[in-house]
Amino acid sequence: KAGVTQTPRYLIKTRGQQVTLSCSPISGHRSVSWYQQTPGQGLQFLFEYFSETQRNKGNFPGRFSGRQFSNSRSEMNVSTLELGDSALYLCASSLGHRDAGANVLTFGAGSRLTVL
Amino acid sequence: GNSVTQMEGPVTLSEEAFLTINCTYTATGYPSLFWYVQYPGEGLQLLLKATKADDKGSNKGFEATYRKETTSFHLEKGSVQVSDSAVYFCALFLKGYSTLTFGKGTMLLVSP
Numbered sequence: 002k003a004g005v006t007q008t009p010r011y012l013i014k015t016r017g018q019q020v021t022l023s024c025s026p027i028s029g030h031r032s033v034s035w036y037q038q039t040p041g042q043g044l045q046f047l048f049e050y051f052s053e054t055q056r057n058k059g060n061f062p063g064r065f066s067g068r069q070f071s072n073s074r075s076e077m078n079v080s081t082l083e084l085g086d087s088a089l090y091l092c093a094s095s096l097g098h099r100d101a102g103a104n105v106l107t108f109g110a111g112s113r114l115t116v117l
Numbered sequence: 065g066n067s068v069t070q071m072e073g074p075v076t077l078s079e080e081a082f083l084t085i086n087c088t089y090t091a092t093g094y095p096s097l098f099w100y101v102q103y104p105g106e107g108l109q110l111l112l113k114a115t116k117a118d119d120k121g122s123n124k125g126f127e128a129t130y131r132k133e134t135t136s137f138h139l140e141k142g143s144v145q146v147s148d149s150a151v152y153f154c155a156l157f158l159k160g161y162s163t164l165t166f167g168k169g170t171m172l173l174v175s176p
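Residue numbers (the working numbering), protein chains in the order written: chain A, 2 to 117; chain B, 65 to 176.
Extracted from the complex, chain A is given alone in its bound form (with noise of 0.2 angstroms):
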């Protein structure tokens, strides 16, 4: 079956202009996750989103936003990009089971932003 896709894979954009990622999941995940990955910080969680809506949340200002539509798929946004942002930016499905013994996320290859 096919993977999780992530569009675009690489962009640049300058200061102070927004951004938007997409993330088609596997079929039939309900869950999908954005986790930013950058050098110093490592993998952050951003945000996780269940049947369309926010379930989780993490330590990211309110600039970074997302959303998923009726099929599960996802867009985040990032608004007034800072340098700060460039980040490859890694999304993740699942069946979003939370009270399975593992729920294994399966990974795209990321979207590669840079911001200058």
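None of these hints come from the bench; they were simulated from the model. Misleading hints may appear alongside valid ones.
Unchecked claim - List time: in silico DSSO-like cross-link candidates among lysine-lysine, alpha-carbon distance up to 27 angstroms:
1. Lys-116(B) to Lys-159(B)
2. Lys-116(B) to Lys-141(B)
3. Lys-120(B) to Lys-58(A)
4. Lys-58(A) to Lys-14(A)
5. Lys-168(B) to Lys-58(A)
To be verified - Residues from chain A that keep clear of chain B, each with C-beta distances beyond 12 angstroms, as calculated:
6. Val-5
7. Lys-14
8. Gly-17
9. Ser-32
10. Pro-40
11. Leu-44
12. Gln-45
13. Arg-64
14. Arg-68
15. Ser-71
16. Arg-74
17. Ser-80
18. Leu-82
19. Ala-110
All values derive from a computational prediction rather than experimental measurement. Note that the Cβ used here is the ideal one computed from N, Cα and C, for glycine as well.
Once you've looked at the hints, dock chain B against the given chain A.
Below, chain B alone, put in the same frame as chain A:
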């Protein structure tokens, strides 16, 4: 809070050497534990997992045993290959949270 601590890298080994990457965790509950691997230019791939104490996860020659008494989940491989060069992430998952908490990752470099 919940956290994962991994040994700092890079870990540099010759082909066929024995690999250990240490991972310890702190959790408010009883977590499931994972190792993910990230090859250059790619996303993360699940390598192995364990859901309860004394479970051993294994895949592609890699192994890790869930040690509740030492809150550890060390990754081992008996004989590494050049193709194992990647960044390895230890992570935990807690019931009721639906998100993974990752360590900072350990880069492994294997030379021929």
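Right, here's what the structure says about each hint:
no. : hint                     : result
1   : Lys-116(B) to Lys-159(B) : holds (12 angstroms)
2   : Lys-116(B) to Lys-141(B) : holds (21 angstroms)
3   : Lys-120(B) to Lys-58(A)  : violated (31 angstroms)
4   : Lys-58(A) to Lys-14(A)   : holds (25 angstroms)
5   : Lys-168(B) to Lys-58(A)  : holds (19 angstroms)
6   : Val-5                    : violated (8 angstroms)
7   : Lys-14                   : holds (20 angstroms)
8   : Gly-17                   : holds (29 angstroms)
9   : Ser-32                   : violated (6 angstroms)
10  : Pro-40                   : violated (10 angstroms)
11  : Leu-44                   : violated (4 angstroms)
12  : Gln-45                   : violated (8 angstroms)
13  : Arg-64                   : holds (20 angstroms)
14  : Arg-68                   : holds (17 angstroms)
15  : Ser-71                   : holds (20 angstroms)
16  : Arg-74                   : holds (17 angstroms)
17  : Ser-80                   : holds (23 angstroms)
18  : Leu-82                   : holds (22 angstroms)
19  : Ala-110                  : violated (5 angstroms)
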